[in-house]
Structures are given as structure tokens and as C-alpha cells.
Amino acid sequence: MNENNRSEDDFFRDLLSKSKLDLPFSDFEENVMGQIEKEVLHQHDFSREFRLSRFFFIMGSLFGIILSVLLTQIHEPIFGINSMNLTLLFEVIFASVLFTQIDTLIKFRKWMSAKGEDQD
Amino acid sequence: MDELYIRKVLNGDSDAFRYLIRNYKDIAYSLAISVVKDEYLAQDVVQIAFVKAFTKLSTFKGKSKFSTWLYRIVINEAFNAIRKRKYEVVSFEGSPAFTTPDIDSFSLEMDAEEQRYYINEALKMMSAKESLALRLFYLEENSIDEISGMTGWTASNIKVILHRGRITMKEILMKQYDTDKKILQS
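Quick mapping for you: the protein sequence lines, in order, are chains A and B.
Start counting the first sequence at 1; every next residue gets the next number (the working numbering).
Start counting the second sequence at 121; every next residue gets the next number (the working numbering).
So here's chain B without its partners, still in its complex pose (with noise of 0.2 Å):
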């Protein structure tokens, strides 16, 4: 289906650009936020993503899916506007003597809806790379091979960014879970 309206846009038709802004806006964003962690400027690197994939679409041969071709832009403007306003995405770091405690009652005694809080708050707080990574491979279910076309990281890389976002992940899970549940319980 992307082939036909890409085809349609090349041929001077702009509007069906919207298709593609529709299917994909969603998780571009998903994408941008796990980089830069604040809404305002995920929604601006979108944008740009979306209007340079529009400008460059005649250089999108077709060798790998669209979507992978969107989302290395999505990428690459992310990491560029973390460079152009010197952000400084304070990322958690989990501390030596924090034991990983059992994450199952996590699942077991929340709604749908904390749960998506409690994991979008754990994203925010991770570092750029390792949410991203966890998001693309888990969410995304894109392949090792996949990522690295995406992000111009190696196979071994994302392994070891796979490996330590979740442990980084469930530590603070259980971290803010722990604190919240003293709270009400206090």
C-alpha cells in the first residue's frame, strides 16, 4: 500500500502524503521521544523527519521497507536536535548495591493504565540509546538487522544496549513502584 501512495506523491500529487503522515506519525513519535524525552520537541523532530522524507522521497529506492527509511530520519534528526540544544537527558543509573526484586507483582497489581504511566515514566528516564533500542526491537519488533540499518549501530552494540536497558528498566520499575507503594501505604 506505501508503494502506491509514494508512487502518487512522486507523481506531484502532495496530498497523499497524508497516508503516510497517518500510518506513521504515531510510532516516529514513539521513536523521537525515547531520544529527546520532552513532547514539544518530539513533535518538532517529527515534523522535520516528515517534511524531509517528503523532499527526499525521490531518493527512496525501495530496498528496504519504507518505514525503516522514515524512522532512520526519525533517528537522525532525534540525536541531531539532542546535539543542536545541548540537551542533557539526565538518564538513570542504578545503584551497585539495588537488587532486582521480583517484577512480577508489577504486572500482577496494576491496571492497563498505570502500567503504560509507570513504563512510559521508566523510558523517560532512561538513557537516549537504551530506550530506543527497547522500544524498536520489543514494541517495533524490528530485527537486530533492522535496528542497525536504522541507527548505524553494530549487531554486538545493540546486544549490549538490548541487555542493559533491561536491566536498567526493571530497576526502575521496581524503584518507583517501591516508592509510590510506601507512599500510599505511609
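With the rest of the complex left out, here is chain A (with noise of 0.2 Å):
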């Protein structure tokens, strides 16, 4: 057939057609699928561990407001120190503690929606 006769995107068609190639690794469906076990196996291990820290971080945020508030009853020195300026020290560091483990958990959740970009 002349090429006159038909329209160019009929001849690539035609051409590219041919261009049709087959993965020629025949274990690759085998790596994926190892890749993939391995993946399941790191996600089960992460949301574990993700659930035991918001755990642990949640029983230590209530028990640094319990014990902030249970120094303020306390209206003798401690180890020679004014009880005063403990729970002030006390407080002061318990804040500290608290923002830099919600300022992480902003950060990983932004991280985990960033992973999670690719959609359709």
C-alpha cells in the first residue's frame, strides 16, 4: 500500500505496532512480589511501633499534668529545693518536652500525606 493512500498516524500505528517489547527478565515477577512481602512485613512492624510511641506518648502527657498539678500541692521544699521553683523548672521542661513531640507528630503526618501523593 502507498504511503499516499493512507494517513500518517495510520502508518506509525502500523510502525509502532511492531515496536511491542515483553520484559525479558522471567524472575521479575517473582522480585516484585519479594519486594512486596518485605514491604507488608516493614508496614506491620511501623504501625506497630507507630501505635506503641502514640501510646507512650499520650500515658506521658497525662502524667506530666498530673504531677505538674500535684507539685502545686506540695508547699514544703524538696531535696532542699522551693517547691515553687521545682514546679516551675518541672513545668517549663514538661513544656518543652510536650511541643517538640507535637511539632515531630506534625512533621510525620505531613511526611505520611506527602507519601501518599500519588493520586488519581
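Just so you know, the hints here were simulated from the structure itself, not pulled from any lab data.
Idealized CB from N, CA, C, for every residue including glycine.
What follows is a list of derived Cβ distance ranges for each label pair:
(1) B:272 with A:88: 54 to 60 Å
(2) A:49 with B:205: 31 to 37 Å
(3) B:265 with A:59: 50 to 56 Å
(4) A:74 with B:181: 53 to 59 Å
(5) B:133 with A:92: 48 to 54 Å
(6) B:134 with A:111: 21 to 27 Å
Can you join these two chains into the complex? Each is in its own frame, and there are hints to help.
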């Protein structure tokens, strides 16, 4: 058939249909499934660790709040330190740790949503 | 059919992902090799893309075809791979004096296997964007809109790339063919 009789698109469609390639690696499927299995295991470990760290974060926060409330009830010096100063020192440390942890949590959430950005 | 297997994977049956691998690995490989021009790197790219598709499958909402979504991941990974490895893909530069001869002789004088060899060699010599656009448009028969969705290129950009790709391919094919013919005749 002469090229003049058919459109350029048909010509290229015909030409490119001959360029079909088969993946030349027979173990490809097994390799991918092996990596997927590893990924599944990693995800399980990751979600367990994440649940644990969330649990300890909540427990630590509650414990810190309770302790700072209890410290305000004590009016006697502790280890020779004025209870007011000790309470203040504890609250400053507690607030710093709490805010650092909240910041880490926000960054982690941002990273998680960036990981799942390939929405269709 | 894809939806059924996607649902199975999302419900915890990782093995159901094999169906998607078998169904799309060859096309994904064709697309990857269009960009990276190397068999082993293309295999790595497709492997990474499938693992990524598996881990992100929950973000696939079915608004587009699964193939479109998967090919977008493959194409992104392929361009990332050449960027990371600073791969310098040497593409064919047609000489200004070169005129395109009648390409019909190419189709008529060769058997299918020879044609396949020449076409794939030509695609390897072309720029990543041109060979990718030609494969997506003519081999996979994707529309300009679908290609735009997969690559992020604008419709007018794709038309320009396709136009340039057609010219480059004809030039490479005829140049290769003429060279080989002269060698055989001498």
C-alpha cells in the first residue's frame, strides 16, 4: 500500500505496533512479590511501633499533667529546693518536651500525606 | 477485572497483585525503556514502580483507569532514575541537509523481525520525550488528554513532541536502513 493512500497516523500506528516489547527477565514477578512481602512486613512493624509510640505519648502527657498538678499542692521544700521553683522548672521542661513531640507528630503526618500524594 | 483484584489487594490478599503485574509489566517496561534506554535500569524502574503502586494502592480512587495511574508512576520513576544517575541519553540530531526519503521501501523490503529491530533501535536513539510520546500515542493508543494526565505535559506540548518524534523516527529509520544496505552491497 502506498503511503500517500493512508494517513501518517495510520502509518505510525502500524509501525509502532511492531515495537511491542516483552520484559526479558523471567524472575521479574517473583522479585517484585518478594519486595512486596518485605514491604508488608515493614508496614506491620511500622504500624505497631507507631501505635506504641502514640500510646506512650498520651501516657507521658497525662503523667506530666498529673505530676505538675500534684507539685502545686506541695508547699514544703523538696531536696532543699523551693517547691514553687521546682514546679516551675518541671513545667518548663514538660512543656518543652510536649511541644517538641507535637512538632514531630505534625512533621510525621505531613511526611505521611506526602508519601501518599499519587492520587488519581 | 482490575477493580476486583485491586479490592482483593486492599483487603489484604497481596498475592492478587500478581494479576496486575502480569497484565501491565510489558507495557510498563516499554514505557520505562523509552525513557531510560537501558534494559536493566528499565527493569529496576518498573520494579520500583510496582512496589510503589502496591504501597499506594489505597490512594487510587478509580477516577482514572488503573493503567493510567500505574503508567504515571512508571514515567515519574523513569525520569527520576535518569535524573538521579545523571544519565546522559544521547539522542539523535538530524542533520539539516538530510531529507526524508520514501519510507515505504523500509516497510516493503524487510520482514517483521527486521522491522521490529530497526524500530526499537530508532526508539532507543530518540530523545526520552519523543519515544515515550510515540509509544503512548501510537502503540498504547492513548489520547492526548490521557498522555497529558500521565506525563504532566500540556496538550500543545505533546502535539509538538509527537510531530518532532515522527520526523526524527523517519530520519533515523532511513539513515540506519541506508547505511546497512550500503554495507550489504559492498
